[in-house]
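Asks: Sequence:
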Amino acid sequence: MESNIKTSLRSKPKLQNKLIARLKFSEILHLPEPDFAKLIAEIEKDPVFLQLTFPKDSGPRAIFKKRFPHTRIHQNFYEINEEIKSGDKAVDVERLLGNHKGVQELIQRIGKNSFENYFLYRESAYTPQEISKILNLNLEEVDRIQNFLLEFSIHSEFFCPTTLPQESHHYTPVAKIEIEKNGEFFVSYLSPHLAAGRYVINRERLSELRKKMDLKERKSVLEILKKLEWINLRQDTLQKIFKEILERQSLYFTTQDSSKLLSLTQREAAMRIGVAPSTVSRAVSNKTLFLPWGEEKPLTEFFLNRKKKALLFLQKLIDEFLVEPKKKISDNFLKETLNKRYRLKISRRTVNLYRHELK
208 MESNIKTSLR SKPKLQNKLI ARLKFSEILH LPEPDFAKLI AEIEKDPVFL QLTFPKDSGP
268 RAIFKKRFPH TRIHQNFYEI NEEIKSGDKA VDVERLLGNH KGVQELIQRI GKNSFENYFL
328 YRESAYTPQE ISKILNLNLE EVDRIQNFLL EFSIHSEFFC PTTLPQESHH YTPVAKIEIE
388 KNGEFFVSYL SPHLAAGRYV INRERLSELR KKMDLKERKS VLEILKKLEW INLRQDTLQK
448 IFKEILERQS LYFTTQDSSK LLSLTQREAA MRIGVAPSTV SRAVSNKTLF LPWGEEKPLT
508 EFFLNRKKKA LLFLQKLIDE FLVEPKKKIS DNFLKETLNK RYRLKISRRT VNLYRHELK
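Position in the sequence shown counted from 1, then plus 207, gives you my numbering.
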């Protein structure tokens, strides 16, 4: 009895810590994209994070970035200009460009490839001092480009605003699906923090650098690592969701034919990528995707169960055949057309039920 009580007392703090960790991750999953980018900017400006990213001894980095395969930054990033307005957020856009005046010229001067290699993806282990020598920039110019990237991530929605109505949702576009000439799909992210990928931790190097820090800094390292773990989980989840959507709906993206959309539930996607269905639900909430032909769709619309698929195709048929308001289309006709055109077998009674839901 006494042994059981002791075990229970010992296990209680562990359960509390797990619960706190889940709640924290849930909070990060729920963050709107601009707030999520703000969190990343705060971490990357932290002096302790900078010590781990650019060590003073010029040795290997303890933290660096690794982008996801078949991803890149969208071309819109290189086309921003002072004429861009985004509704009532225009003032913020003007302020951002005003605060970073001349940075675009710096990026053009060093060239797209150098900018992406040394600033955006940051996969090469170069310090700001080394970057300044390689690219013939002074340290202030290197710092200006880095700060611009962090702030642009927070405000990237201004440069690619949603085209969808914002009545019941506050949608944020996060990427565009693009198809190369060889037929390969690419995810073009609209924000630098998404295009840059995930954080990678060199544990051995981290241990070396922590030994040189004071107690306060060592505690800060633990807090930073926990936040990076949550950020990676969110980034990984979204990337895996895109991979599932691309694999399942490749015919639709290639043909632009909605009849090629295949059923895919959030529960099924969650099982395939190894997370809870609630994690998938939160990860796709209020986010949108631009399709290869320019149309914008909420991510939730790519998760179709049988009913959602039937409602989608039924609405298409009604819009196609019901040209005149008083014209009638029989449930049986719709049932047969659904089967013939979309290979979707549902009863006449179900067709009638779904028609009433669409009204």
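Keep in mind the hints are simulated off the structure, nothing from the lab.
Since this is a predicted model, take the numbers as computed values, not measurements.
A portion of the hints provided could be inaccurate.
Said to hold, decoys possible - Mimicking EDC-like on lysine to aspartate or glutamate, the simulated pairs with C-alpha atoms at most 20 Å apart in a straight line are:
(1) K272 with E337
(2) K535 with E502
(3) K542 with E527
(4) K388 with E312
Stated by the list, open to error - Pairwise CB distance ranges, derived in the manner of DEER restraints:
(5) L498 with G266: 37 to 47 Å
(6) N559 with H237: 37 to 47 Å
(7) L458 with N343: 27 to 37 Å
(8) H237 with G318: 50 to 60 Å
Glycine included, each C-beta is placed from N, C-alpha and C at the ideal position.
Asks: CB of L458 to CB of N343, is that within 27 to 37 Å?
Replies: violated, 48 Å
Asks: Holds or violated: K535 with E502, Cα cutoff 20 Å?
Replies: With a Cα-Cα distance of about 31 Å, the restraint between K535 and E502 is violated, given a limit of 20 Å.
Asks: For the pair supplied as a hint, K272 and E337, confirm whether the alpha-carbon distance does not exceed 20 Å.
Replies: With a Cα-Cα distance of about 18 Å, the restraint between K272 and E337 holds, given a limit of 20 Å.
Asks: Could you see if the CB distance from L498 to G266 stays within 37 to 47 Å?
Replies: Since the Cβ atoms of L498 and G266 sit about 45 Å apart, the hinted range of 37 to 47 Å holds.
Asks: For the pair we were handed, K388 and E312, check the Cα-Cα distance against 20 Å.
Replies: At roughly 31 Å apart (the allowed maximum being 20 Å), E312 and K388 break the hint.
Asks: For the pair supplied as a hint, K542 and E527, confirm whether the alpha-carbon distance does not exceed 20 Å.
Replies: At roughly 15 Å apart (the allowed maximum being 20 Å), E527 and K542 satisfy the hint.
Asks: Per the hint of 50 to 60 Å, is the separation of the Cβ atoms of H237 and G318 within bounds?
Replies: At 39 Å between Cβs, range violated.
Asks: Given the hint of 37 to 47 Å, is the C-beta distance from N559 to H237 inside that range or not?
Replies: holds, 39 Å
Hint compliance for this structure: hints 2, 4, 7 and 8 are broken, all remaining hints hold.
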